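Engineer: Chain order of the listed sequences is A and B.
Each residue of the first sequence is one higher than the last, beginning at 0 in numbering that gives the first Met the number 0.
Each residue of the second sequence is one higher than the last, beginning at 0 in numbering that gives the first Met the number 0.
Rather than coming from a laboratory, the hints here were simulated on the basis of the structure.
Only a predicted model underlies this, so the values are computations on that prediction, with no experimental measurement involved.
Be careful, since some hints might not be right.
25 Å max Cα-Cα, derived DMTMM-like pairs, lysine to aspartate or glutamate [claimed, not checked]:
1) Lys109/B with Glu103/A
2) Lys108/A with Glu5/B
3) Lys185/B with Glu226/B
4) Lys108/A with Glu178/A
5) Lys194/B with Glu5/B
6) Lys143/B with Glu178/A
7) Lys194/B with Glu103/A
8) Lys7/B with Glu214/B
9) Lys66/B with Glu178/A
10) Lys185/B with Asp165/B
11) Lys137/B with Glu192/B
12) Lys185/B with Asp138/B
13) Lys109/B with Glu67/A
14) Lys141/B with Glu103/A
15) Lys194/B with Glu62/B
16) Lys141/B with Asp120/B
17) Lys185/B with Glu103/A
18) Lys7/B with Asp120/B
19) Lys66/B with Asp244/B
20) Lys117/B with Glu214/B
21) Lys142/B with Asp120/B
Label pairs and their calculated CB-CB ranges [claimed, not checked]:
22) Ala200/A with Phe250/B: 43 to 49 Å
23) Pro173/A with Pro180/B: 46 to 52 Å
24) Gln207/B with Val23/A: 46 to 52 Å
25) Ala106/A with Asp69/B: 34 to 40 Å
26) Thr31/A with Gln223/B: 39 to 45 Å
27) Thr270/A with Pro180/B: 55 to 61 Å
28) Ala106/A with Asp165/B: 29 to 35 Å
29) Val282/A with Gly248/B: 54 to 60 Å
30) Pro173/A with Arg20/B: 28 to 34 Å
31) Gln223/B with Leu88/A: 55 to 61 Å
32) Leu96/A with Asp69/B: 37 to 43 Å
33) Ala106/A with Ala76/B: 51 to 57 Å
Heads up, the beta-carbon is just placed ideally off N, CA and C, and yes, glycines get one too.
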Amino acid sequence: MSTNSQLRPNRANVLRRSASNHLVTAISVLGTLLVLVPLIAILVYLVYKGASSLNVAFFTHTPKPVGESGGGMANSIVGSSIILLLASLIGIPVGILGGVYLAEYGAGKTLGAGIRFVADVLNGVPSIVMGIAGYALIVVHQRHFSALAAGVTLAIMMVPTVTRTTEEMLMTVPHAIREAAYGLGVPRWRMILSISLRTAAPGIITGCMLAFARVAGETAPLLFTAFGSSFWPHNLNEPMAALPLQIFVYAMSPYDEWHRLAWAGSLVLITLIMVSVGLVRYVTSRGRLKGGH
Amino acid sequence: MGVGIEVKNLNAWYGQTHTLRDINLTIPANSATALIGPSGCGKSTFVRCLNRMHETNPSARVEGMVKVGDIDIYNDAAPVEIRRRVGMVFQRPNPFPTMSIYDNVASGLKLNGFHNRKVLDEVVERSLKQAALWNEVKDDLKKKSGASLSGGQQQRLCIARALAVDPEVLLMDEPASALDPASTSKIEDLIFELKDEYSIVIVTHNMQQAARVAENTGFFLNGQLVEFAPTSTIFTKPHDKRTEDYITGRFG
Chain A
0 MSTNSQLRPN
10 RANVLRRSAS
20 NHLVTAISVL
30 GTLLVLVPLI
40 AILVYLVYKG
50 ASSLNVAFFT
60 HTPKPVGESG
70 GGMANSIVGS
80 SIILLLASLI
90 GIPVGILGGV
100 YLAEYGAGKT
110 LGAGIRFVAD
120 VLNGVPSIVM
130 GIAGYALIVV
140 HQRHFSALAA
150 GVTLAIMMVP
160 TVTRTTEEML
170 MTVPHAIREA
180 AYGLGVPRWR
190 MILSISLRTA
200 APGIITGCML
210 AFARVAGETA
220 PLLFTAFGSS
230 FWPHNLNEPM
240 AALPLQIFVY
250 AMSPYDEWHR
260 LAWAGSLVLI
270 TLIMVSVGLV
280 RYVTSRGRLK
290 GGH
Chain B
0 MGVGIEVKNL
10 NAWYGQTHTL
20 RDINLTIPAN
30 SATALIGPSG
40 CGKSTFVRCL
50 NRMHETNPSA
60 RVEGMVKVGD
70 IDIYNDAAPV
80 EIRRRVGMVF
90 QRPNPFPTMS
100 IYDNVASGLK
110 LNGFHNRKVL
120 DEVVERSLKQ
130 AALWNEVKDD
140 LKKKSGASLS
150 GGQQQRLCIA
160 RALAVDPEVL
170 LMDEPASALD
180 PASTSKIEDL
190 IFELKDEYSI
200 VIVTHNMQQA
210 ARVAENTGFF
220 LNGQLVEFAP
230 TSTIFTKPHD
240 KRTEDYITGR
250 FG
């Protein structure tokens with residue numbers, strides 16, 4: 000049985016396989032490190048540069064004019080929170096509804112393919128172009144910069160990511176589970192809401208968080224829409240301060256103190272994003288059942 | 000109480016494929032009816048036509064008449080209404096993974112807008128007892144996900160879920176084919192218990208199973224109903240040569 004013995008593992012083969020196994024493991028670990036090291040380095044550097052400028056005033060005061068020392072970014076923190084909340088309130092529902100259409104209704108339809116194509120193109124549009132679009136479509140008509148324009152522009156930037164992840168996640172919901180719902184006489188809309196979306200929820204939430212984190216750091220669109228301000232926000236229809244804008248202004252300035260404030264602002268911005276993402280994860284993972292998905 | 004099913008000139012298609020040809024059949028109430036036949040013979044498509052699940056596939060088409068009790072299901076009623084009267088258990092257990100055991104059983108009622116806690120509690124307990132699962136899960140009803148149970152338990156959970164909406168007919172599409180022998184025999188005992196109160200139609204590849212649980216058996220081949228008769232007749236003296244060849248293992 001010479002043919003059969005060739006198929007059996009021999010010593011040299013086993014050794015080679017074990018070696019390539021170790022090699023691939025090593026490459027994977029190396030790749031992970033290559034990604035993690037810069038990330039951690041940035042965080043450490045931010046803390047090193049920014050932490051010393053963080054004090055109570057930073058979180059309670061508005062910026063001081065040139066020449067006066069002290070001041071803080073309280074208005075920017077509040078402004079960023081308002082703009083991001085607005086963007087999420089518009090962008091996430093629209094994005095999820097779009098994803099539901101693509102996955103549940105638009106399969107194989109021309110409109111579905113069109114939306115998918117537009118979403119992918121929109122995803123690749125540079126943020127400064129989105130800023131100019133927001134400027135042309137909203138700011139020009141309103142005749143002034145506004146937080147509203149910023150919120151809407153960031154929302155538009157969130158939509159493609161949210162739509163496409165929602166679609167992808169809904170597609171992973173097993174057909175058998177949908178059938179189970181249909182088999183119980185559950186109407187389609189109810190099946191989508193209570194079964195498909197609920198089963199896909201963890202993935203959809205991840206998509207929303209990605210979209211949120213991406214626009215949270217955007218500066219270019221805000222330059223054309225929110226514009227920035229040195230004062231506390233009063234209403235959505237006026238220029239508003241935002242962390243990325245304030246960081247931009249401070250980092251571009253010739254003053255050492257402002258540079259330090261810019262570092263502190265960056266640290267706060269990153270922390271803000273991490274805390275929001277962590278909070279959403281915590282809230283949405285509560286009440287998960289034993290052995291559930 | 001179960002109701003009978005009357006099928007006249009039923010034809011079904013998937014796209015261009017003609018999967019069911021001129022099926023005529025009367026399924027008696029409060030009994031178990033087995034459908035046997037080789038893979039791809041149309042028996043699954045047939046049961047999916049009895050609760051209008053067939054048409055959830057976009058390329059599917061149906062012609063002919065199906066009466067469940069007094070209702071002509073393709074003319075007198077909406078699909079969602081029919082599916083509540085005609086429950087279904089699928090080949091692979093498919094509990095809702097995000098829901099607790101309790102919510103899985105209550106899902107048919109809850110998702111149709113029924114929220115009376117006291118009644119739901121009763122229905123969940125009754126259905127789980129009917130499905131012989133109550134004793135195994137009563138302590139974890141709201142703690143554990145339906146997906147945390149073993150395969151056999153999951154299938155009984157799915158049966159309980161189907162029973163909770165109080166259907167008149169229960170369709171079972173190879174309900175035990177993914178289960179081990181012990182779980183299979185539990186499901187068969189269950190069918191035996193349930194057939195006094197519900198009309199049960201069970202698709203199976205296992206001819207012993209058909210012989211054990213069903214009063215009547217239908218043999219499908221190439222989209223046609225070759226023979227429908229009392230189970231004992233089908234297995235001892237079938238009228239059609241093809242039925243005999245199939246049950247004696249000459250093909251299929």
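Engineer: Hints first: check each against the structure and report whether it holds.
Structural biologist: Checked hints:
A hinted pair counts as satisfied when its Cα atoms are at most 25 Å apart, and Lys109/B with Glu103/A qualifies at roughly 22 Å. A threshold of 25 Å between alpha carbons decides the hint, and for Lys108/A with Glu5/B the separation of about 37 Å lies outside it, so the pair is violated. For the hint pairing Lys185/B with Glu226/B, the CA-to-CA distance comes to about 29 Å; that exceeds 25 Å, so the pair is violated. Between Lys108/A and Glu178/A the CA atoms are separated by roughly 22 Å; this keeps the pair inside 25 Å, and the hint holds.
Straight-line distance between C-alpha atoms of Lys194/B and Glu5/B comes to about 18 Å, which keeps the hinted pair within the 25 Å bound. About 22 Å separates the Cα atoms of Lys143/B and Glu178/A, which keeps this hinted pair within 25 Å; it holds. Taking the CA atoms of Lys194/B and Glu103/A, the gap is near 37 Å; set against the 25 Å cutoff, the hint is violated. A C-alpha spacing of about 21 Å is found between Lys7/B and Glu214/B, which places the hinted pair at or below 25 Å, so the restraint holds.
Only pairs whose Cα atoms come within 25 Å are accepted, and Lys66/B paired with Glu178/A is accepted, the gap being roughly 22 Å. Simply put, Lys185/B and Asp165/B have alpha-carbon atoms about 21 Å apart, close enough for the 25 Å limit, and the pair holds. Under the criterion of a C-alpha separation no larger than 25 Å, the hint pairing Lys137/B with Glu192/B is consistent with the structure, at around 21 Å. Annotation: proposed proximity of Lys185/B to Asp138/B holds, straight-line Cα distance about 21 Å (limit 25 Å).
A hinted pair counts as satisfied when its Cα atoms are at most 25 Å apart, and Lys109/B with Glu67/A does not qualify at roughly 64 Å. Using a Cα cut-off of 25 Å, the hinted pair Lys141/B and Glu103/A is violated, with the two alpha carbons roughly 30 Å apart. With a CA separation close to 29 Å, the supplied pair Lys194/B and Glu62/B exceeds the 25 Å bound. Between the alpha carbons of Lys141/B and Asp120/B the distance comes to roughly 11 Å, so the proposed pair stays at or under 25 Å and holds.
Annotation: proposed proximity of Lys185/B to Glu103/A is violated, straight-line Cα distance about 37 Å (limit 25 Å). The hinted pair formed by Lys7/B and Asp120/B fails the criterion: a straight-line CA distance of about 40 Å is larger than 25 Å. Pair hint Lys66/B plus Asp244/B does not hold up; C-alpha atoms about 32 Å apart against a cutoff of 25 Å. Straight-line distance between C-alpha atoms of Lys117/B and Glu214/B comes to about 37 Å, which puts the hinted pair past the 25 Å bound.
As the CA atoms of Lys142/B and Asp120/B are separated by approximately 15 Å, the hinted pair is consistent with the 25 Å bound. Evaluation of the 43 to 49 Å hint for Ala200/A and Phe250/B yields a pass: the beta carbon distance comes to about 48 Å. Restraint check, Pro173/A to Pro180/B: a C-beta distance of roughly 26 Å breaks the suggested window 46 to 52 Å. Gln207/B and Val23/A have their C-beta atoms about 49 Å apart, which keeps the hinted 46 to 52 Å range intact.
Ala106/A and Asp69/B have their C-beta atoms about 37 Å apart, which keeps the hinted 34 to 40 Å range intact. In this structure, Thr31/A and Gln223/B break the distance hint of 39 to 45 Å, their C-beta atoms being roughly 59 Å apart. Distance hint check for Thr270/A and Pro180/B: the Cβ-Cβ separation is about 58 Å, which falls inside the suggested range of 55 to 61 Å. The beta-carbon spacing between Ala106/A and Asp165/B, approximately 34 Å, falls within the hinted interval of 29 to 35 Å.
The hint said 54 to 60 Å for the Cβ distance between Val282/A and Gly248/B, and at roughly 59 Å that hint holds. As the Cβ distance of Pro173/A to Arg20/B is approximately 31 Å, the hint placing it in 28 to 34 Å holds. Remark: the range hint 55 to 61 Å for Gln223/B to Leu88/A is upheld by a beta-carbon distance near 58 Å. For Leu96/A paired with Asp69/B, a C-beta distance near 41 Å keeps the hint of 37 to 43 Å intact.
Ala106/A and Ala76/B have their C-beta atoms about 27 Å apart, which leaves the hinted 51 to 57 Å range violated.
Comparing the model with each earlier hint shows violations of hints 2, 3, 7, 13, 14, 15, 17, 18, 19, 20, 23, 26 and 33; every other hint is respected.
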